Amino acid sequence: MFTILDLVQPDNLAEAYKILSDKRNNTILGGCAFLKMGKKRINTGIDLTKLKLNYIQEKDGFIEIGAMTSLRDIETHPLLKEHYNGVLPQSVRDIIGVQFRNGVTVGASVYSKYGFSDLITALLSLDTEVELFKAGRMPLTDFLAKPKEKDLMVRLWIKKNMRQASYLSFRNSSSDYAVLNVAVSMLNNCWTIAVGARPSKAAIAISASALLSLEGATSETIEEAAKRTSEELSFGTNTRGTATYRKALCRALVKRGIMEVLACKSN
Amino acid sequence: MQIELTINDKVVKWEVANDEFLADTLRSHGFLSVKKACDTSCCGLCTVWMDGKSMLSCSVLSLRAHGKKITTIEGFPKEAEEFAQILSAEGAEQCGFCSPGFIMSVLAMKNELVNPTEEEIIHYLTGNLCRCTGYMGQLRAIKIYLGVA
Ligand SMILES: Cc1cc2nc3c(=O)[nH]c(=O)nc-3n(C[C@H](O)[C@H](O)[C@H](O)COP(=O)(O)OP(=O)(O)OC[C@H]3O[C@@H](n4cnc5c(N)ncnc54)[C@H](O)[C@@H]3O)c2cc1C
Ligand code: FES
Ligand code: FES
Chain A
1 MFTILDLVQP
11 DNLAEAYKIL
21 SDKRNNTILG
31 GCAFLKMGKK
41 RINTGIDLTK
51 LKLNYIQEKD
61 GFIEIGAMTS
71 LRDIETHPLL
81 KEHYNGVLPQ
91 SVRDIIGVQF
101 RNGVTVGASV
111 YSKYGFSDLI
121 TALLSLDTEV
131 ELFKAGRMPL
141 TDFLAKPKEK
151 DLMVRLWIKK
161 NMRQASYLSF
171 RNSSSDYAVL
181 NVAVSMLNNC
191 WTIAVGARPS
201 KAAIAISASA
211 LLSLEGATSE
221 TIEEAAKRTS
231 EELSFGTNTR
241 GTATYRKALC
251 RALVKRGIME
261 VLACKSN
Chain U
268 MQIELTINDK
278 VVKWEVANDE
288 FLADTLRSHG
298 FLSVKKACDT
308 SCCGLCTVWM
318 DGKSMLSCSV
328 LSLRAHGKKI
338 TTIEGFPKEA
348 EEFAQILSAE
358 GAEQCGFCSP
368 GFIMSVLAMK
378 NELVNPTEEE
388 IIHYLTGNLC
398 RCTGYMGQLR
408 AIKIYLGVA
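If you read the sequences in order, they're chains A and U. Counted the way the working numbering counts, the first sequence spans residues 1 to 267. Counted the way the working numbering counts, the second sequence spans residues 268 to 416.
Be aware that one or more of the hints could be misleading.
Said to hold, decoys possible - List time: in silico EDC-like cross-link candidates among lysine to aspartate or glutamate, alpha-carbon distance up to 16 Å:
#: 1; chain 1: A; residue 1: Lys150; chain 2: A; residue 2: Asp22
#: 2; chain 1: A; residue 1: Lys255; chain 2: A; residue 2: Glu224
#: 3; chain 1: A; residue 1: Lys247; chain 2: A; residue 2: Glu231
#: 4; chain 1: A; residue 1: Lys255; chain 2: A; residue 2: Glu223
#: 5; chain 1: A; residue 1: Lys39; chain 2: U; residue 2: Glu287
#: 6; chain 1: A; residue 1: Lys18; chain 2: A; residue 2: Glu149
#: 7; chain 1: A; residue 1: Lys40; chain 2: U; residue 2: Asp286
#: 8; chain 1: A; residue 1: Lys39; chain 2: U; residue 2: Asp286
#: 9; chain 1: U; residue 1: Lys277; chain 2: U; residue 2: Glu341
#: 10; chain 1: U; residue 1: Lys320; chain 2: A; residue 2: Glu75
#: 11; chain 1: A; residue 1: Lys36; chain 2: U; residue 2: Asp306
#: 12; chain 1: A; residue 1: Lys81; chain 2: A; residue 2: Glu58
#: 13; chain 1: U; residue 1: Lys336; chain 2: U; residue 2: Glu271
#: 14; chain 1: A; residue 1: Lys113; chain 2: A; residue 2: Asp151
#: 15; chain 1: A; residue 1: Lys36; chain 2: U; residue 2: Asp291
#: 16; chain 1: A; residue 1: Lys160; chain 2: A; residue 2: Asp127
#: 17; chain 1: A; residue 1: Lys134; chain 2: A; residue 2: Asp151
#: 18; chain 1: U; residue 1: Lys410; chain 2: U; residue 2: Glu386
#: 19; chain 1: U; residue 1: Lys410; chain 2: U; residue 2: Glu385
#: 20; chain 1: A; residue 1: Lys134; chain 2: A; residue 2: Asp22
#: 21; chain 1: A; residue 1: Lys36; chain 2: U; residue 2: Glu287
#: 22; chain 1: A; residue 1: Lys40; chain 2: A; residue 2: Asp6
#: 23; chain 1: A; residue 1: Lys201; chain 2: A; residue 2: Asp142
#: 24; chain 1: A; residue 1: Lys113; chain 2: A; residue 2: Asp142
#: 25; chain 1: A; residue 1: Lys160; chain 2: A; residue 2: Glu58
#: 26; chain 1: A; residue 1: Lys40; chain 2: U; residue 2: Glu287
#: 27; chain 1: A; residue 1: Lys39; chain 2: U; residue 2: Asp306
#: 28; chain 1: A; residue 1: Lys23; chain 2: A; residue 2: Glu149
#: 29; chain 1: A; residue 1: Lys36; chain 2: U; residue 2: Asp286
#: 30; chain 1: U; residue 1: Lys335; chain 2: U; residue 2: Asp318
Worth flagging that the hints you see were computed from the coordinates, not collected in a lab. All values derive from a computational prediction rather than experimental measurement.
Let the hints inform the model, and build the full structure from the sequences given.
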């Protein structure tokens with residue numbers, strides 16, 4: 001169990017960031033579900049409750065999601081159900097249970113870059129930017145590629161557009177971590193295929209996405225894009241599945257994801 | 268640190284540690300219906316409501332209950348008794364350890380979902396584990412309770 005020596009509830013982001021950077025063991029508290037599983041000795045726990053970062057709203061052509069928004073809000077918010085074929089609600093709906101999703105936060109889920117993350121894979125298939133207090137605003141892909149630095153995740157920005165998307169995950173039992181997850185999206189015939197829980201962190205299959213975008217989705221290119229995704233990304237082995245199994249799953253899920261997006265388009 | 272909260276419609280002031288979790292605080296003040304099993308956010312036994320939303324009290328810092336309305340099953344004596352009778356009539360309870368958390372989730376679902384389908388009921392309650400019964404009796408009981416059988 002983790003311990004917290006001191007606890008603060010800063011009134012603004014600058015104060016929160018200053019306390020975070022003051023000492024190595026000062027730590028931001030999200031919903032605490034993940035922190036609780038570890039044994040961290042936290043010097044000052046930084047509770048962001050007063051910063052009003054729990055919201056989902058439309059702003060300047062984006063959907064803006066505050067870092068303290070719960071995964072349950074992602075699942076139930078009308079704006080997210082109405083956009084991108086509800087890919088974000090779909091991605092979080094199998095994470096443990098309703099009570100759990102009521103407590104855990106978007107900021108922690110994205111900032112932590114968990115390999116098993118369902119949400120990150122879905123966000124990666126959309127036009128997502130993250131906003132950090134110190135490092136500023138950047139595409140999610142850049143954030144994921146960056147080495148981990150102490151910072152404060154403030155909010156997400158997702159470009160509001162007509163992107164059609166689909167999310168699929170494969171679990172050995174319901175509410176377990178995914179063995180593999182896949183998100184596929186398309187906007188103006190430009191495709192994005194993202195694969196997570198490989199079990200390392202989610203990544204975009206650049207070559208397979210380009211193939212579909214350039215040649216269009218036919219039964220041959222769909223097969224080829226699914227195969228190419230499973231070849232261009234790397235897979236590993238853990239207790240949930242072997243690398244070979246994941247590679248085979250990837251091919252099946254990507255194909256299914258593309259077909260789902262095409263079905264959305266024709267609706 | 269002192270927190271002030273409303274617990275089952277009664278305002279209380281409690282002293283809590285920075286790293287204390289709500290399940291422990293509630294149990295230490297006699298709310299023994301709140302069970303703790305996995306203590307890792309996986310089983311749902313510790314479910315209570317915070318401002319009307321079901322939460323895992325084993326994973327909520329007690330400090331975060333400050334200014335909030337917490338409800339445990341003791342706050343719903345009538346509903347709990349009614350549903351517990353259906354549970355027992357359907358043979359859906361053995362040791363009963365999971366029941367308080369489970370009932371809190373069923374009541375939350377009743378507020379949130381209108382005429383839920385079987386798939387929706389099962390999905391809503393995935394976070395409540397039961398080691399004894401195999402869930403079919405619980406499902407029968409819920410359908411009777413919600414009148415969706
Ligand atoms: C038992 C269990 C099973 C899970 N299963 C899944 C699953 O199947 N799929 C899935 O996608 N996820 C899963 N998760 C992860 C979960 O969805 C959350 O992502 C995770 O719990 C972190 O959220 P939290 O709010 O609890 O964060 P916390 O535990 O509070 O924090 C986690 C980390 O993030 C940091 N942090 C928190 N907020 C911020 C911020 N705003 N800026 C910078 N850093 C911050 C904290 O300092 C800490 O280091 C699981 C978690 C648990 C505990
Ligand atoms: S004791 Fe809280 S979820 Fe199991
Ligand atoms: S009745 Fe024993 S755990 Fe559910």
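So which of the earlier hints does this model not fit?
none
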